[in-house]
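K.L.:
All chains, please: the whole structure from these sequences, using the hints.
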Amino acid sequence: MNPAGRAECGGEALFEDLDFPSDDTSLFSDSSTPIAKLQGDITWLRPQEICQSPALFPDDINLGHAKQGLLGDCWFLCACTSLLKSKHLLNKVLPPDQPQWGDSRYRGSFQFSFWEQGHWTEVTIDDRLPCINSTLCFSRCHSPTAFWVALLEKAYAKLHGSYERLWAGQVSEALVDLTGGVAERWSLGESEEEQRLEQDSDQVRRRRLDLNLLYPVKDECALSCSTHSSPGGASELGQYHALTVMEWLDVKTVSGSKVLLLRIRNPWGRCCWGGAWMGSGVGWRAVDPVSALDLQARVAEGEFWLDETNFLSQFDDVTVGYPINDEGHLKSIYTGNLLTHNHQLAGRWMRGHSAGGSRNSSSYGSNPKFWLKVCERGELLVSLLQHRKWRTTEKYAQTPLEESNNTTHQHYQAIALHMWKVEKRRESEQTLPRNEDPAASCVPHCYTQDVSLACCLPPGAYTIVPSTYQPDCSANFTLSLARRIHRKVVKSQERLGSAIQEVS
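Numbering (the working numbering), first residue to last: 13 to 516.
Simulated from the structure, these hints should not be mistaken for laboratory data.
Incorrect hints may have been included.
Below, simulated DSSO-like cross-link-like pairs (lysine-lysine); rule was C-alpha separation at most 27 Å, straight line [stated by the list, open to error]: (1) Lys104 x Lys230; (2) Lys49 x Lys230; (3) Lys97 x Lys230; (4) Lys104 x Lys170; (5) Lys49 x Lys97; (6) Lys264 x Lys230; (7) Lys264 x Lys99; (8) Lys230 x Lys170; (9) Lys170 x Lys99.
P.N.:
The structure is reproduced here in structure tokens:
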């Protein structure tokens, strides 16, 4: 340990995390990603060895945004942006008042919390960070003296088992892990049938409605966009890259019409986009000069403006994180209403007992069933969070940003949610109306950490059935319900015994 570090802590040795040591075991899992070529080049330094006056956050919050390094974890960094929009969430993930550099209480350790398996999990790390030539080689803040991003990334890597395991992922997964909330993913792409049809303005208007749905929470929700191939406006982005939507607004043109503009942040920290709204591009000629100057002044390093038409044509999907207020209540992204009545239930699919598979399987009725009695009409948000199959000591294959079509996916099952309205509670699996159209369902089974469905239900009795696509796939899960109602009764039947759990 360097003498400066010892002096700062009164001669006591700084904390060294033996569970996540400063060596290759914390960097690599199977050396299958491009960072494997860095073996032997990385050294581990504490922030006070990297700069003179380290701090968690800079004075200018814009310099606290994440900047991607050599690790392919843009999906995680996009989710980190949501923490800077909510002090409540930031304090949940990074508890305040932890001793920092220069503090007599400083011991070289930091504590973080992540939402895992339906509850907050604490992760403690030391502050030794991977560097090349005395410079952080993975993610960092735009300010060279701010280290909250680098430390958060290390804690997340520890949760996953190594830095390499953060290579490629889904923004929705990181948003849930960092907020304990719900994230939805909307496709901007067209089906093969739609691609065969001639493009017209009706298609653009139909898509625009999807974006307009978010206006009730546009200043509170977390929004990111992803590309699965090199977009025409930025060939250097390559495949599977995620960016953050910082804001969007309707701008009045000099002709009296309106154009919707979106300000996008690239986690690489540099501008990578051309087009009509770059710099002094031709798009600004259609806008009042005063408004144009104001909008251009908002652009920070790595950001650019894009109009809605190009946004919809160049990106493949968007991920939306539900806002969460200081009391921990979700806010509907469709209505802006607070969903103040929350409940969470644990469940599991067990091979041979309660892992019935999809509706294509004759054993579908053996899946766990959750009985919901709705006493008054209201919004309902149901989310299904499956617990990771792997622990930090296990190895698993990495997956690209988009959902995989590979049924041998190694750490997530393909999951889905269906809900039926029933006349009364049905305890026999033989009476589950799987051949009837459900009252509500999520997207088809997806290889992802969580799925959700949002709907407005009239009074009545309902059966909620979470399922995996393949039968006999064992896994644990958490089912969460958020509603805007005065009361409710939920009953859970696990199919693993005769007991029925009742919660009111």
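K.L.:
Given the hint that Lys49 pairs with Lys230, test it: the Cα-Cα distance must not exceed 27 Å.
P.N.:
Roughly 42 Å between the alpha carbons, so the hint for Lys49 and Lys230 is violated.
K.L.:
Measure nothing beyond the straight line between the CA atoms of Lys264 and Lys99; if it is 27 Å or shorter, mark the hint as holding.
P.N.:
33 Å, violated
K.L.:
Can you confirm whether the C-alpha distance between Lys104 and Lys170 stays at or below 27 Å?
P.N.:
At roughly 18 Å apart (the allowed maximum being 27 Å), Lys170 and Lys104 satisfy the hint.
K.L.:
Hey, Lys264 versus Lys230, does the alpha-carbon distance stay inside 27 Å?
P.N.:
Status holds; Cα separation ~18 Å.
K.L.:
Compare the distance between the alpha carbons of Lys230 and Lys170 with 27 Å, and conclude whether the hinted pair is satisfied.
P.N.:
It is violated: about 33 Å lies between the C-alpha atoms, which goes past 27 Å.
K.L.:
Hint check: Lys49 vs Lys97, CA-CA at most 27 Å. Holds or violated?
P.N.:
Violated, at roughly 36 Å.
K.L.:
Straight-line Cα separation of Lys104 and Lys230 no greater than 27 Å?
P.N.:
Holds - the C-alpha atoms of Lys230 and Lys104 are around 22 Å apart, at most 27 Å.
K.L.:
Checking one constraint from the list: CA of Lys170 to CA of Lys99, max 27 Å. Satisfied?
P.N.:
24 Å, holds
K.L.:
Measure nothing beyond the straight line between the CA atoms of Lys97 and Lys230; if it is 27 Å or shorter, mark the hint as holding.
P.N.:
12 Å, holds
Hint compliance for this structure: hints 2, 5, 7 and 8 are not met, and every other hint is.
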